[in-house]
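Build the full structure now, drawing on both the sequences and the hints.
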Amino acid sequence: MEIWKRYQEKELSHSMAHYLQAVAALKKEKGFARVGDIADHLGVSKSGVTSMLRSLAARGLVDHERYGCVELTDTGKELAARTQCNRELLTVFFRDVLGVPAEVANEDACMIEHLVSQEAMTRLLRLTAILSSGEEDTAPVLDRYRRTRRVCPHHDVEACDICEEHCLVEMIARDLPRPRVAAERTR
Numbered sequence: 001m002e003i004w005k006r007y008q009e010k011e012l013s014h015s016m017a018h019y020l021q022a023v024a025a026l027k028k029e030k031g032f033a034r035v036g037d038i039a040d041h042l043g044v045s046k047s048g049v050t051s052m053l054r055s056l057a058a059r060g061l062v063d064h065e066r067y068g069c070v071e072l073t074d075t076g077k078e079l080a081a082r083t084q085c086n087r088e089l090l091t092v093f094f095r096d097v098l099g100v101p102a103e104v105a106n107e108d109a110c111m112i113e114h115l116v117s118q119e120a121m122t123r124l125l126r127l128t129a130i131l132s133s134g135e136e137d138t139a140p141v142l143d144r145y146r147r148t149r150r151v152c153p154h155h156d157v158e159a160c161d162i163c164e165e166h167c168l169v170e171m172i173a174r175d176l177p178r179p180r181v182a183a184e185r186t187r
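The sequence shown begins at 1 in my numbering and counts up by one.
There may be inaccurate statements among the hints.
What the hints assert, rightly or not - Listed below are the simulated PhoX-like cross-link pairs for lysine-lysine, each with C-alpha atoms no more than 20 Å apart in a straight line:
id	residue 1	residue 2
1	K30	K77
2	K77	K27
3	K46	K30
4	K27	K46
5	K28	K77
To be verified - Here are the computed distance ranges between Cβ atoms for each label pair:
id	residue 1	residue 2	range
6	G60	A139	43 to 49 Å
7	P101	G134	49 to 55 Å
8	D74	L42	21 to 27 Å
9	D137	K46	52 to 58 Å
Hints were generated in silico from the structure; no laboratory data involved. Every residue gets a Cβ at the ideal spot worked out from N, C-alpha and C, and that includes glycine.
Have a look at this one:
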């Protein structure tokens, strides 16, 4: 199966991850999570929360009785914790290692926190720990990275060790038009 099709089959969608994290955060803060609390926390409607809770319950991620508190199952707790850890690590890597502004780092981490494999996250954790350690031998690597220009020194795909079909630096540096969001299309 092609990779882009597997993306749709991930066990956790972006919204699901946020609902699980909201329940976990509310349980930590208040000791309980109710539909109204989740709606307020996420800025969504109570009916939207109820609908998502049905979906999460069908996947075995939450237990919820009508008008009762929402409980994360063991699997739900694990997924909520994992996506939160993923977001924290990705944010640290983007912000502290790559030098991405904090707000952008957090937004980017939020977008991919539930998609990245644990294998990749484990390796990213090791790399981030090494590069953030402040050890003498890592400083030159970070300094070199921070001095590197955003333009390709080769401009020759054949001579570049990274680029295969086209210059990635030129493509990534280019500002792309942003698609309109649903609200803009209905005007």
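Hints and how they fare:
A C-alpha spacing of about 16 Å is found between K30 and K77, which places the hinted pair at or below 20 Å, so the restraint holds. The suggested pairing of K77 with K27 holds, with an alpha-carbon distance near 11 Å, which does not exceed 20 Å. For the hint linking K46 to K30, the alpha-carbon distance of about 18 Å falls within 20 Å, and the restraint holds. Proximity of K27 to K46 is assessed by CA-CA distance (about 18 Å); at most 20 Å being required, the pair is judged to hold.
Between the alpha carbons of K28 and K77 the distance comes to roughly 12 Å, so the proposed pair stays at or under 20 Å and holds. Look at G60 against A139: about 47 Å separates their beta carbons, and that is inside 43 to 49 Å. P101 and G134 have their C-beta atoms about 22 Å apart, which leaves the hinted 49 to 55 Å range violated. Between D74 and L42 the beta carbons are some 23 Å apart, a value that agrees with the proposed interval 21 to 27 Å.
Between D137 and K46 the C-beta distance comes to about 55 Å, which sits within the given range of 52 to 58 Å.
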